[in-house]
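So the sequence lines, in the order shown, correspond to chains A and B. Using the working numbering, read the first sequence as starting at 172 and increasing by one per residue. Using the working numbering, read the second sequence as starting at 87 and increasing by one per residue.
If you are wondering where the hints come from, they were derived from the structure by calculation, not from laboratory data. A couple of the hints might just be wrong.
[As the list claims (entries may be wrong)] Computed list of lysine-lysine pairs in DSSO-like fashion (alpha-carbon distance at most 27 angstroms, straight line):
| hint | chain 1 | residue 1 | chain 2 | residue 2 |
| --- | --- | --- | --- | --- |
| 1 | A | Lys305 | B | Lys170 |
| 2 | B | Lys166 | A | Lys233 |
| 3 | B | Lys166 | A | Lys229 |
| 4 | A | Lys305 | A | Lys229 |
| 5 | B | Lys170 | A | Lys229 |
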Amino acid sequence: MKTNDVILQTATKVVLFLIVLFSVYIFFAGHYTPGGGFVGGLLTSGAIILLLLAFDMKTVEKILPVNYMYMIAAGLLFAIGTGAGALLFNVPFLTHAFTDVDLPILGHLSLHTAALFDLGVFLVVVGVTMIIIKTIGEDD
Amino acid sequence: MLNTVVLSAILIISAATIGLIYRVIKGPTTPDRVVALDAIGINLVAIVALISIALNTSAFVEVILLIGILAFIGTVAFSKYLEKGVIIENERDR
Numbered sequence: 172m173k174t175n176d177v178i179l180q181t182a183t184k185v186v187l188f189l190i191v192l193f194s195v196y197i198f199f200a201g202h203y204t205p206g207g208g209f210v211g212g213l214l215t216s217g218a219i220i221l222l223l224l225a226f227d228m229k230t231v232e233k234i235l236p237v238n239y240m241y242m243i244a245a246g247l248l249f250a251i252g253t254g255a256g257a258l259l260f261n262v263p264f265l266t267h268a269f270t271d272v273d274l275p276i277l278g279h280l281s282l283h284t285a286a287l288f289d290l291g292v293f294l295v296v297v298g299v300t301m302i303i304i305k306t307i308g309e310d311d
Numbered sequence: 087m088l089n090t091v092v093l094s095a096i097l098i099i100s101a102a103t104i105g106l107i108y109r110v111i112k113g114p115t116t117p118d119r120v121v122a123l124d125a126i127g128i129n130l131v132a133i134v135a136l137i138s139i140a141l142n143t144s145a146f147v148e149v150i151l152l153i154g155i156l157a158f159i160g161t162v163a164f165s166k167y168l169e170k171g172v173i174i175e176n177e178r179d180r
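Could you put the whole structure together from the sequences, leaning on the hints where they help?
Quick look at the structure:
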């Protein structure tokens, strides 16, 4: 039977961006409020899963041509890079540093290398979740 | 005053959730159960909001949006399984 998913697909096109925006917010707010890389990554993969539900595997691969294996590798490199970068400054492994900067548009910011570590967690969580879902989902 | 109102609202929503749980257990067909689970998710949103009022904190605001998103994705997945038999298609026929 041929089904027509026009309501689901149109709703997905609107809701998807809200979910991605919320996940980015939760990722960046993790330092001061509840959230962080883990929840943000799970929410981003939830958005991709909603895309997989509304469309099919081939379309989503065309929209997001991402190899999730490389995504996990990049996340682990971010994590170990922020850890090993501390060794260059003659401090113990995984010592984090922060600085206050004044940017022209964004204003007063406190940049912390823990955010880069969190970006690694984010990438690993998205990659692992999407690999699990896609491996179970495809039917060969 | 506010505490009494919030507490009674939590009690009323809990009673509504118990009715929905009855529908999940008893519901003769699977779509009944799916709709009841979706409504339980919405009631959870209300309960979290009321509890964050009662505790006088805004730390649970993210949880409210998160439950809403997860209930939506879960319900869509369930209904797609009920309609097509697969959740994620390899290639859509069009």
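Going through the hints against the structure:
no., hint, in the structure
1, Lys305(A) - Lys170(B), "18 angstroms, holds"
2, Lys166(B) - Lys233(A), "22 angstroms, holds"
3, Lys166(B) - Lys229(A), "18 angstroms, holds"
4, Lys305(A) - Lys229(A), "11 angstroms, holds"
5, Lys170(B) - Lys229(A), "18 angstroms, holds"
In summary, the structure agrees with every hint in the numbered list given earlier.
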